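Which chain is which? The protein sequence lines are U and C, in order.
Be aware that the first sequence starts at 1, since it is given in the UniProt record's numbering, and climbs by one per residue.
Be aware that the second sequence starts at 1, since it is given in the UniProt record's numbering, and climbs by one per residue.
Keep in mind the hints are simulated off the structure, nothing from the lab.
Remember, it's a predicted structure, so these values are computed and weren't measured experimentally.
Please note that the accuracy of each hint is not assured.
Which copy is meant is left open, because identical chains are indistinguishable; a pair holds if it fits in one copy or across any two.
Stated by the list, open to error - The calculated SDA-like cross-link candidates involving lysine to any residue, where the alpha carbons are at most 25 angstroms apart (straight line), are: (1) Lys273 x Gln352; (2) Lys525 x Tyr342; (3) Lys237 x Ile221; (4) Lys273 x Asn377; (5) Lys360 x Arg391; (6) Lys210 x Asn182; (7) Lys210 x Lys582; (8) Lys583 x Met684; (9) Lys534 x Met684; (10) Lys273 x Pro508; (11) Lys575 x Gln352; (12) Lys656 x Glu495; (13) Lys101 x Pro663.
One-letter residues, chain by chain:
2 protein chains.
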Amino acid sequence: MQNKELLEKLCRLIRYDILTSTSTAGSGHLTTSLSAVELMAVLFFAKTELGESFFRYDLKNPSNLANDKIIFSKGHASPLLYSLFHAAGAVSNEELLTLRKFNSKLEGHPTPRFPFVDVATGSLGQGLSIGLGMALGLKLRIKNSELKIKREPKVWVLLGDSEMAEGQVWEALGIAAFYKLNNLIGIIDVNRLGQRGETMLGWDLETYKKRIEAFGWEVVIVEDGHNIETVYSAFRKILSSKPYTLTPKVIIAKTVKGKGVSFLENKEGWHGKVLDEKQLKVALDELGEIDFKVRGNILLPNFQFPISPSTSSGSRAKSRDNFQSNPKSKIQNEKKLQFNNYKLGDLVSTRQAFGDALVKIGKTNPDVVVLDAEVSNSTFSQKFKEVFPQRFFEMFIAEQNMVSTALGLAKIGFKPFVSTFSAFLNRAFDQVRIAQYSEGNLKMVGSHAGVFVGPDGPSQEGLEDISLMRSILESIVLHPCDAVSTYKLTLLLQEVLGIVYLRTMRDPLPVIYDLNEELRIGGSKILRQSEADKLAIVAAGVTVHEALKAYDLLLKEKINVCVVDAYSIKPLDQKTIFSIGKKLKNIIVIEDHYPFGGLGDAVLSALSQKSEIRNPSFDFRSGRPEFIERANSETVNNMQNSKFPSINFEHLCVRKIPRSGQPGELLRYEEIDARAIVKKIKEML
Amino acid sequence: MQNKELLEKLCRLIRYDILTSTSTAGSGHLTTSLSAVELMAVLFFAKTELGESFFRYDLKNPSNLANDKIIFSKGHASPLLYSLFHAAGAVSNEELLTLRKFNSKLEGHPTPRFPFVDVATGSLGQGLSIGLGMALGLKLRIKNSELKIKREPKVWVLLGDSEMAEGQVWEALGIAAFYKLNNLIGIIDVNRLGQRGETMLGWDLETYKKRIEAFGWEVVIVEDGHNIETVYSAFRKILSSKPYTLTPKVIIAKTVKGKGVSFLENKEGWHGKVLDEKQLKVALDELGEIDFKVRGNILLPNFQFPISPSTSSGSRAKSRDNFQSNPKSKIQNEKKLQFNNYKLGDLVSTRQAFGDALVKIGKTNPDVVVLDAEVSNSTFSQKFKEVFPQRFFEMFIAEQNMVSTALGLAKIGFKPFVSTFSAFLNRAFDQVRIAQYSEGNLKMVGSHAGVFVGPDGPSQEGLEDISLMRSILESIVLHPCDAVSTYKLTLLLQEVLGIVYLRTMRDPLPVIYDLNEELRIGGSKILRQSEADKLAIVAAGVTVHEALKAYDLLLKEKINVCVVDAYSIKPLDQKTIFSIGKKLKNIIVIEDHYPFGGLGDAVLSALSQKSEIRNPSFDFRSGRPEFIERANSETVNNMQNSKFPSINFEHLCVRKIPRSGQPGELLRYEEIDARAIVKKIKEML
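The following block holds chain U by itself, in its conformation from the complex (with noise of 0.2 angstroms):
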């Protein structure tokens, strides 16, 4: 090692920064910041005797894609991912006094306001899983020749060691050690001691490496996390140069919870705690004499690496604060469509023609990948994998890595599409979450929804999905009921940025739109309507086919309804609802799925003018048109302060728990069928 006693001077410094910062803010994660230091100070800004370093970073252009990828699995030790910047010269000593302020980039929990973060955390055992998708994402453009390299990047994890009890860390390492991920080094810091007290295997790092071990990934031990020699050697051992191995890797080092502070260092009940300023002062004299204008050097990551929009995207976002995306809706160019086996009346199940949607997609957009969690046989997403084997990434039974993964992987710049049944979608509401607050740009997709899944029973039916993705601020919602209108929409959302969900189902139904048919997000269809409605019938997916059924049975006792697909759920498309709600001053709503939440709840925000809007101050990324109207907000304002009007609702949905059956018996049972709604009609005029 070229550098140590630098190294010792900028771990002085790191953990001055982390007390100060720590305490001037009143709260944060101060002692497990600090043993962590030495990992990373080494990590950073150790060089070898020729000059080498562990970590290259081109400070200037965080968008490089050359650049090796920094994750704090281990979210909260966020004052030591900005006390490590500090120390590197790229945030001043007054920004770093700023942690967990109102308006700061310096946020309590790491997010993409922070220029060198590319995704949150703080919701433990996340990290390794972006990490997978980064580290996926690289190999791929470096197969595909679209990055310029002299040095592979490496994507770097760290994690503590209390979230290694998360399942969703050993999906991760199951799941790399399968794909070779030798460009993935995770670093595990075993301080012992959790949020209330010690974790279940304390310092017994020989476990953590037997475990690790067997899932496939090479381990290198440091029986001193605080010794920069021993630190220094493992991160060299990591990286040597001896035969190339397939594995990725991982360093488990033996931490001090609170090292660098007597007081602290190894001592239970400082979780999450901070010093006061008599504290400080105690540590801060402890910690002796700081070298105030040291700093490390992060070297480049070695090669020259033009920064294009189309792989730049993925990373960052022009502006930090007030991100969302805002797709447009209109097909670019309906004469590409040329998929011509899709005709009125043919009976195609929309879980298939979103299949066929992704082939289409493959072949125009290579940026496009597809995830699926072992059941890609039933959410077609197979024939993408049939056409494009290397940008198909078969997830196993792993949903929550499945999700994070594809996080990472839009982070290199590739629009993730990730499907699985609906059910299992909600495995991974956390790690959709969490990719909000990253600007995740993320595409899901879930089949099998509701109780027309039949035989299979509630274990395998969406009923709270609709619910669960709305819940997203962001989000975007769509439930097409045929399969020209979900091929249609597939086809959209390449273009969207953001976090989207698609349902899908799993039985045939009849085609129902032309192909010429004009849909957008926000959009809806009126299928049926005249002067002589009655009320309205606002359903998506199968039960608009019901809803038809309905619409002929009235027909023939003269009565007249509106029919309209509302197939956009979020945004929903609150001028027509809430017009044709005020003019027939009756509405139902028909869902297959659980009451709260879904669709209706969405149509009584629109008839309540609710506002589902985002933040109008919006900025997209350049060279994104907007696809999402903004004639929700127009609607918005010509509605203020207007009454809402007295209109007579409904709403048909899943009302008892599920069970076997066939799919008509059910829709049935839950009175969401035809019949249903003919009866129910008839109560309300």
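Since the structure of chain U is provided, determine the placement of chain C on it from the hints.
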């Protein structure tokens, strides 16, 4: 082994049953069921020379706590499960052929409607955690001398190899070993093939063994999972009487998917497919001669255990078809409360009050147990731990496992309270989802709600949690605003059965309720009201306090408003809210939560008279009082066919991605503080 020939006949019968039942149903997971036949037949029916068996179960008394438990974590192998019980003589030929039919107890994936199933499975990776909970519970019952046994009951969990990719399995493996649950025994059916192809490890049993041994389990390998004798030896070994080891155990067996039918064996593409008439004939011919009269004998648990309501209530419900809980609301005896440290105006956090209530509950209710995920000093479940350490279970940072473990404990008759940050409970949504199909008794308490959390930032904040928990069909969702109401509602919950979520907050807030206040599930409290009211504010949690401040500010300007604390978000006090809405015609809802699926949607439902009622054909367990008033269904009936009133509705909530900052700053930024309320109200009026 005493009865090898019988076992061979039973295996043939079971295969016959699997084939015929699935073909009759027209769907089902045939090949998956076939691979585990010998494993399960030996478990259920093999006898040693001494006439002992491995699995002990009282078919006439499924609620018998001393029964062994069997969980099919690979729930899609349900045809095998039902065939086993047919072979045991507990299911008739006719019933077996009702597989997957509407109204059959033999659903596509097991549910407690089948008398010998305790928990629904079908979402992979959850079974081992549920078994962990049962094993934990059984040991506690034994320790408390509440279980009279000669032989400790075992919990057997059948897993598939595909589902070993699920992280939750590894959460369970680690935590079961930590808790030395040597009464928990896993059986992994390694048939190499997942749904769409080979698993990551194929038939590499050695690697499974290495991994699981590293997690602290004892492993026995079975090289041929279809050789009855070697399978038998494995079970003998697992349960042998060598020196008592305190580790959980697992049998890992190499098997063949589709075993028993030559054209299915080890073939890809057959997952979830059944045989048509022709194929079935060929398969049955291959099976050879079936002894249709043969039955296996499952031995009793070998002791007498009186079935008392208190211990069996967790396992079985009287009526399987419409399980729900309808808890009434009144506190049984206010004198019992005897807590005198919350006085009006005191600043106490609701999370602390939750902790205090837990201690109170613990004193009077010996069946209450508490689980927490490494944050007990933040959620205050630690107060319970300090007084009742035997009944507190640290579940480390593994929320999925925690929730499923709680479900398992509930099946042993305990009343689990599960706590962590509201944001992290999201991690376990799928587990909550499945619990609803298991008649799950689960009290979940999520702390650190909303932006009110402050400097930690959004990764730590529950902003979608109300929406998620409302989504569960029959859930109860509460959000008390002060210490007294939190304390009292928590106390109420101990006698409530079903899935309940209570939301607490981080910072101290003023006590506004008197100790004698009557609170009920489905209730609300009108805090301010006058004849001159122009508008109603409906709030919950911190926004109640902001609303009260707003009230005072408005009063100064001679504007009167009504303030309602909607502490019961689900079921909502529809009656009160509807009548106030109708009368005042102006309603504003304020919540510290994202716009969708929370209190706003709940109030809109109430105003639209959408029924949030549970299925009225309710059947309650004996001995349990009714807690939830039927007021709601009365309300619906009374309001039938009355129009949606014309109401001016506004909704203040979190509409911008939050960030770090002080709680007050964030309430202001998100426009849900008193000032924003006043401003909005003036606009409305």
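Here's how the hints hold up against the structure:
1. In the homo-oligomer, the alpha carbons of Lys273 and Gln352 lie at most 25 angstroms apart only across protomers (18 angstroms), although the nearest pairing inside one protomer, at 53 angstroms, exceeds that limit.
2. Taking the shortest Cα distances, Lys525 and Tyr342 sit within 25 angstroms of each other inside one copy (19 angstroms), while across copies they are farther apart (56 angstroms).
3. In this assembly of identical chains, Lys237 and Ile221 lie within 25 angstroms of each other by CA distance solely inside one copy; the values are 10 angstroms within and 35 angstroms between copies.
4. Taking the closest pair of Cα atoms, Lys273 and Asn377 come within 25 angstroms of each other only across two copies (12 angstroms); inside a single copy the shortest separation is 50 angstroms, beyond that limit.
5. For a Cα distance limit of 25 angstroms, the shortest separation of Lys360 from Arg391 inside one copy, 14 angstroms, qualifies, whereas the shortest one across copies, 57 angstroms, does not.
6. Taking identical chains as interchangeable, the C-alpha atoms of Lys210 and Asn182 lie at most 25 angstroms apart whether they share a chain (19 angstroms) or sit on different chains (22 angstroms).
7. In the homo-oligomer, the alpha carbons of Lys210 and Lys582 never lie at most 25 angstroms apart, since the shortest distance is 67 angstroms inside one protomer and 66 angstroms across protomers.
8. Taking CA atoms no more than 25 angstroms apart as the test, Lys583 paired with Met684 passes in both settings, with 16 angstroms inside one copy and 24 angstroms between copies.
9. When the C-alpha separation of Lys534 and Met684 is checked against a cutoff of 25 angstroms, the pair qualifies only within one copy, where the shortest distance is 10 angstroms, while the shortest distance between copies is 31 angstroms.
10. For a Cα distance limit of 25 angstroms, the shortest separation of Lys273 from Pro508 across copies, 17 angstroms, qualifies, whereas the shortest one inside one copy, 57 angstroms, does not.
11. Taking identical chains as interchangeable, the C-alpha atoms of Lys575 and Gln352 are never at most 25 angstroms apart, the minima being 31 angstroms within one chain and 46 angstroms between chains.
12. When the C-alpha separation of Lys656 and Glu495 is checked against a cutoff of 25 angstroms, the pair qualifies only between copies, where the shortest distance is 23 angstroms, while the shortest distance within a copy is 39 angstroms.
13. With identical chains, the CA atoms of Lys101 and Pro663 are at most 25 angstroms apart between copies only, with a shortest distance of 11 angstroms across copies and 54 angstroms within one.
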